[in-house]
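Protein chains: 2
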Amino acid sequence: MTTRLELNPLLEPIRPQMEQMEALLQGQLAGLEEPLRTMVGHVLASGKRLRLALIILTGELFARPSAPFQQLGVAVEMLHTATLIHDDIVDQSPLRRGSQTLHTIWPLREAVLVGDHLHAQAAALVAELNRPAILNVFAKTLCTICAGEIRQTFVNEGRLRNRDEYTRSIEAKTASLVIGAVEMAGLLAEASKTQLAALRNFGREFGLAFQIADDVLDFIGTEAQLGKPPGSDLQQGLMTLPTLCYLEQTENDTAVSAVLSGKRDDEHIQSAIEAVRTSGAIDAALAQGRAHAQRSQRALEALPDNHARQILHALADYVVTRNR
Amino acid sequence: MTTRLELNPLLEPIRPQMEQMEALLQGQLAGLEEPLRTMVGHVLASGKRLRLALIILTGELFARPSAPFQQLGVAVEMLHTATLIHDDIVDQSPLRRGSQTLHTIWPLREAVLVGDHLHAQAAALVAELNRPAILNVFAKTLCTICAGEIRQTFVNEGRLRNRDEYTRSIEAKTASLVIGAVEMAGLLAEASKTQLAALRNFGREFGLAFQIADDVLDFIGTEAQLGKPPGSDLQQGLMTLPTLCYLEQTENDTAVSAVLSGKRDDEHIQSAIEAVRTSGAIDAALAQGRAHAQRSQRALEALPDNHARQILHALADYVVTRNR
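Chains as they are written, first to last, in the working numbering: chain A, 1276 to 1599; chain B, 1276 to 1599.
Since the hints were made in silico from the structure, they are not lab data.
One thing to keep in mind: the hints can contain errors.
You can't tell identical chains apart in this list, so a pair holds if it fits in one copy or across any two.
To be verified - Taking lysine-lysine and the BS3-like style, the derived pairs with C-alpha atoms no more than 30 Å apart in a straight line are: (1) Lys1415 / Lys1448; (2) Lys1538 / Lys1448; (3) Lys1415 / Lys1323; (4) Lys1323 / Lys1448; (5) Lys1503 / Lys1448; (6) Lys1503 / Lys1538; (7) Lys1468 / Lys1448.
So here's chain A without its partners, still in its complex pose (with noise of 0.2 Å):
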């Protein structure tokens, strides 16, 4: 088992750059009339910043002034929060990151309608850089990230069927919006060709690794550690890796096989997870995302060689070491 890194020493060298980016992000929220400033403010709060954190480490990595970056930043998190929304209206979830739903505290209109400003919001700020091939990449990968939902909610009725399938989910859900922030931060930084497809290729793989420990984590975290109870994909009939590698292993399963059969009740969901967690699908789920977690490291070879490099090499680990 790899050493458990904790994200905040590993951001200590970018700290300054990470705190006017949230004095930034907090100026945007202050600017908006009531009740709207309440409600993006309650989504925002939390968060870990994670994309926000590579779009600095990217800058760092051409030696670019860190304003623009900031900038970038603050509209990719913008973007992140509107699809946290409206995905949270259309898996009808209670929560998230240990606080309710916007959906559930104020109607569900408004939380549509919250989602809509924040995607505007964000593509004011993309548009102020002044540079239509990031905007181009923004609108993109907004797309990517709708028709991946859209297409989920339909496979969701006939299921996942193999990896392939929840490996191209979780690329449309997760990865894209990781590849879209890198790939901005690129442009921005006057990165060459070969720079930028270093850079998409590492977002998508460690998207990947992020999503699959993400998934991971619904398994074997606490309710503490989540934020919200362990299970809930399963909860939701959502299958994802350790659930699909299980199945793979199992020869006569019931336990999982009731709750994807709609049994979802409170026993049926925690003998589901018991089997899960107890079996070989964990180690292998975590294989994989830790191969997806070194392909992201290699892909970083083809960059600048600094201190902002060592960073996204160590992010990487600690994607897939991280306990929520």
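Chain A is already provided as a structure; the job is to place chain B on it using the hints.
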């Protein structure tokens, strides 16, 4: 009473451009995967494409090649459609333009995502125009629309108190996208600052006139003309200009107050519609609509004088005399 104008003969001179734009729109649609294509196609099928005509005409006003204006038009139609989909969710409307609304055919969650996808596609099309200033207007317009909608859902509980609040509300809801459309077209045509200000002014007054006519039609139109039962604003507890004018003029109202206090069965709605119809409120509201249309025509005087300007002038008459 002004003579009623028909839309199609007015737009005959720009029919080729309108048809090319329609083909472009269908091409965008064809590029989507199912079920997204069917869902988006359902919503895009109807619509007057009036904003598109304004964009094409702005290009003609400055004698510019039509292609980029067609692309901008498609983007604006997609953005407009996205806002309608989310609007119908927010207002829980069952019908739009004579068809079932998206969220009544497909699950609400998918309707939310289709709206997001259209936002993103629209932004991608605008980004491809390679003009950050245009994208800036695009994003800010979307912010204004969302902020206005959010305000409306909250104000609604306290209700619009006067014509100023009404104007502010329809400026955000409807006029802002018309302003945005002609401003973006003006930027694309490289209009001067004075001309841009005139275009924005035209868009504002045209948009206000358009929405007032819409709100009047909700009282005097037939179900066949409206594509939904008349009185649907009142049904939703939404106060529009005819209601405000009626309440200004009527000292001892009971019919409308009953609906506004929550009695929304067919009988109460019918009595309220009848009360507003037979008062002077419709004429008073239409007079305000015509005043805005005339102001939009005066704004045109600062713009190049050619066939396009004449059509824009005639369109302003059309919007306040149309019956659907």
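Going down the list of hints, with the structure as the test:
| no. | hint | verdict |
| --- | --- | --- |
| 1 | Lys1415 / Lys1448 | both (13 Å within a copy, 26 Å between copies) |
| 2 | Lys1538 / Lys1448 | within (26 Å within a copy, 45 Å between copies) |
| 3 | Lys1415 / Lys1323 | both (24 Å within a copy, 28 Å between copies) |
| 4 | Lys1323 / Lys1448 | within (17 Å within a copy, 35 Å between copies) |
| 5 | Lys1503 / Lys1448 | within (20 Å within a copy, 37 Å between copies) |
| 6 | Lys1503 / Lys1538 | within (20 Å within a copy, 42 Å between copies) |
| 7 | Lys1468 / Lys1448 | within (25 Å within a copy, 42 Å between copies) |
Of the numbered hints listed earlier, not one is contradicted by the structure.
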